[in-house]
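Chains A and B supply the protein sequences, listed in that same order.
Per the numbering used here, residue 1 is the first one in the first sequence, and the count goes up by one each step.
Per the numbering used here, residue 398 is the first one in the second sequence, and the count goes up by one each step.
Simulated from the structure, these hints should not be mistaken for lab results.
Every residue gets a Cβ at the ideal spot worked out from N, C-alpha and C, and that includes glycine.
Be careful, since some hints might not be right.
[Stated by the list, open to error] DSSO-like mimics (lysine-lysine), calculated; alpha carbons at most 30 Å apart, straight line:
1) A:K238 with B:K573
2) A:K115 with A:K132
3) B:K774 with B:K512
4) A:K158 with A:K250
5) A:K194 with A:K115
6) A:K194 with A:K158
7) B:K529 with B:K555
8) B:K529 with B:K647
9) A:K2 with A:K87
10) A:K87 with B:K399
11) A:K87 with B:K635
12) A:K115 with A:K2
13) B:K484 with A:K176
14) A:K238 with A:K194
15) A:K238 with B:K647
[Stated by the list, open to error] Each pair of labels, with its calculated beta carbon distance range:
16) A:R86 with B:E609: 49 to 57 Å
17) B:R773 with A:S174: 31 to 39 Å
18) B:G733 with A:D387: 19 to 27 Å
There are 2 protein chains.
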Amino acid sequence: MKIEGIDLFYVALPTITRTADGTQDSLVVRVRTDNGLYGWGECDASPLVSMAAYVMPMSHSNIINISEALVGETLESPGDVVRLRRKAGEFGLDIQQLDHAVAGADIAMWDVLGKHLGEPVWKLIGHTESHKKLPYASVLFGEDPAETRNIATSIARKNFRAAKFGWGPMGRGSLKDDVALVQAARDGLGPDSKLMVDAGVIWGDDVDAAYERAVEFADLGVTWLEEPLRTEEVGAYKALSDRVRANGIKIGIAGGEGADFYRSADDMMTNAGLDFVQIDVGRIGGITEARRVADRARELGIQYVNHTFKSHLSVAASIHVFAGYEEFDLTEYPSGDSPLILGLTAPTGIFRDTEGLIEAPSTPGLGVEVNLDAIRKFQRRVHIEIDGETLFASPEP
Amino acid sequence: MKIEGIDLFYVALPTITRTADGTQDSLVVRVRTDNGLYGWGECDASPLVSMAAYVMPMSHSNIINISEALVGETLESPGDVVRLRRKAGEFGLDIQQLDHAVAGADIAMWDVLGKHLGEPVWKLIGHTESHKKLPYASVLFGEDPAETRNIATSIARKNFRAAKFGWGPMGRGSLKDDVALVQAARDGLGPDSKLMVDAGVIWGDDVDAAYERAVEFADLGVTWLEEPLRTEEVGAYKALSDRVRANGIKIGIAGGEGADFYRSADDMMTNAGLDFVQIDVGRIGGITEARRVADRARELGIQYVNHTFKSHLSVAASIHVFAGYEEFDLTEYPSGDSPLILGLTAPTGIFRDTEGLIEAPSTPGLGVEVNLDAIRKFQRRVHIEIDGETLFASPEP
């Protein structure tokens, strides 16, 4: 089959708030083939900036848009997806946004190929089994310990056995304030749940501030401290990780969601002393590149975890990546109540079984479908003209 | 003074060809202040994708556009530029294109601050002197040795004492073909000129192919072999560099233009075994970040060189960055004949003195001015609407 077209859908809630909540908008990408099939993918990225990477005029041989690279191409085998992903990367070598943007098309190509061949994506990318994963509810801290405790209690009531709290007031007050927040999360979850803390790069390059928290949080049974430092502070990460290990502090250091391309993740894994590497399939250029990171993490003895704060389209894409690796047993699972994100794939989705676990579907493609009514309801209509000629107009779902 | 507005000008030649020639279009950024001053900057990036990063709607607290971060802010001191550059980075933490796009605003902020304080940018960023640099003409290989020799001859006639040839057929044929191309460039330039070769990442991760060329090119007096491998192949770069050194081959390994942010450059410098690091101020987020790389290069004993393939606005911004470092004595100097790029700052520019050298101007700001007639002549009018409302319309020059 051939790729006949790529459709870009910018969807958003009517009101966007200034919180660290990625479920307020999305860029959904549809790949259409000449045999009437559709594949779907999602980017975790600025929708408008990423759309521009699909349609912008050529600047020179290394700035050519993603649609130009893919439309009209043959898609019959996994090797074709890998080849086309590479082609888009070469055409867009000097487009910085390339990885964030092409992620949607890459995921959609795997999805449509799976439907074409009647295979789940995890098989197409070479896994022989799909192992169950323990999903952790991923939520923001409340504005204070009391609100945080309430959030934790409601997560426990939803039968989550693991949760990650992040951003909000964490790191904006004193060490004592931070400990009180984490204590409240622990109290609300109960003693047996896994608890992770996401500091949202708040301590910049301050290893001491991060280390003090690591020590205190370890006492509260926190599995990992995530993004204590800015992604670029690889040396500081290493110093932190070395100090945590040298002093026998029982907490992992996690990071990697800021990795926009394979080498950036590899740099973090090789040089930052990470225990957990967290990869967003919707940022790092799709399933093809995320799979490379998972393989490398395995070689290095680092636990691969997905970073996911979008719809079940992204949840599905994320778990196919490492479905076959039994030891990578944790998975981030957005648990907010954004009607956009919940509705986008309704009634399909990646849902927890009776044990509270999830797994990559064994149906063809990603195993979730996009709800066109949700797209219609939340679509933002974009129109781009250059010199009076239409370059892009939002398509009909 | 306060930043009153940021104007984005997409300029392009009427016809864009599929060559590795970055002088066919540009994104020019103007920062206006409330005391009637203007500063100018330029991005080496897809204009439309970068523009979107200035105007796109907010997605959440880490995807907020550059204009929102900067307009209305106070700009009185070098510390303010550093603060605002960081603020734009925090607002746009999850916008991959951020660095390519914000480069223009960063450069423009330094320019307007220099005009405000009556100081050249090199002084504002902490240099105490502006040392002259030897510019090398940066050109593409001809389609064959004969055409390449003609190009080299014409460069020698223009009194360039150094030249870099890149892309074109290099690496697309046999080792013998590649040597013939470089031999032709050497013949045309004469024996005393510096000659550099840019392979345009053609050998991917093939260390053997790159090493064979390094050996042959060294015999032709080539100063460096640039981007023999893909930027992400840091391990392969290191293997190549180690082999070149171990065997006493007299050629440097150069790379880094693909570094879109500080850590990426630092990764290349620390782990890839580079002798020369080439930084594009219009990609790596502007003068502020490029300066950090130059400082780090100095610590590591690596030669910093600018990568520049745009107008004299970029040439100026590039040399201010390392003006004070006498040992960094080479500078890339676009020498094509694009009327867009030549006209953009005419009649001002960074021109060679009687010795064939250039230096960062000591007049206030960058020391070059934008020609508004050139903008008018080459401007592409962009209009972006979302849900029927205008989000962006190209401004008048």
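Hint-by-hint comparison with the structure:
no.: 1; hint: A:K238 with B:K573; result: violated (45 Å)
no.: 2; hint: A:K115 with A:K132; result: holds (22 Å)
no.: 3; hint: B:K774 with B:K512; result: holds (26 Å)
no.: 4; hint: A:K158 with A:K250; result: holds (28 Å)
no.: 5; hint: A:K194 with A:K115; result: violated (36 Å)
no.: 6; hint: A:K194 with A:K158; result: holds (14 Å)
no.: 7; hint: B:K529 with B:K555; result: holds (19 Å)
no.: 8; hint: B:K529 with B:K647; result: holds (25 Å)
no.: 9; hint: A:K2 with A:K87; result: holds (15 Å)
no.: 10; hint: A:K87 with B:K399; result: violated (44 Å)
no.: 11; hint: A:K87 with B:K635; result: holds (25 Å)
no.: 12; hint: A:K115 with A:K2; result: holds (14 Å)
no.: 13; hint: B:K484 with A:K176; result: holds (27 Å)
no.: 14; hint: A:K238 with A:K194; result: holds (25 Å)
no.: 15; hint: A:K238 with B:K647; result: violated (35 Å)
no.: 16; hint: A:R86 with B:E609: 49 to 57 Å; result: violated (24 Å)
no.: 17; hint: B:R773 with A:S174: 31 to 39 Å; result: violated (56 Å)
no.: 18; hint: B:G733 with A:D387: 19 to 27 Å; result: holds (24 Å)
The structure shown violates the earlier hints numbered 1, 5, 10, 15, 16, 17.
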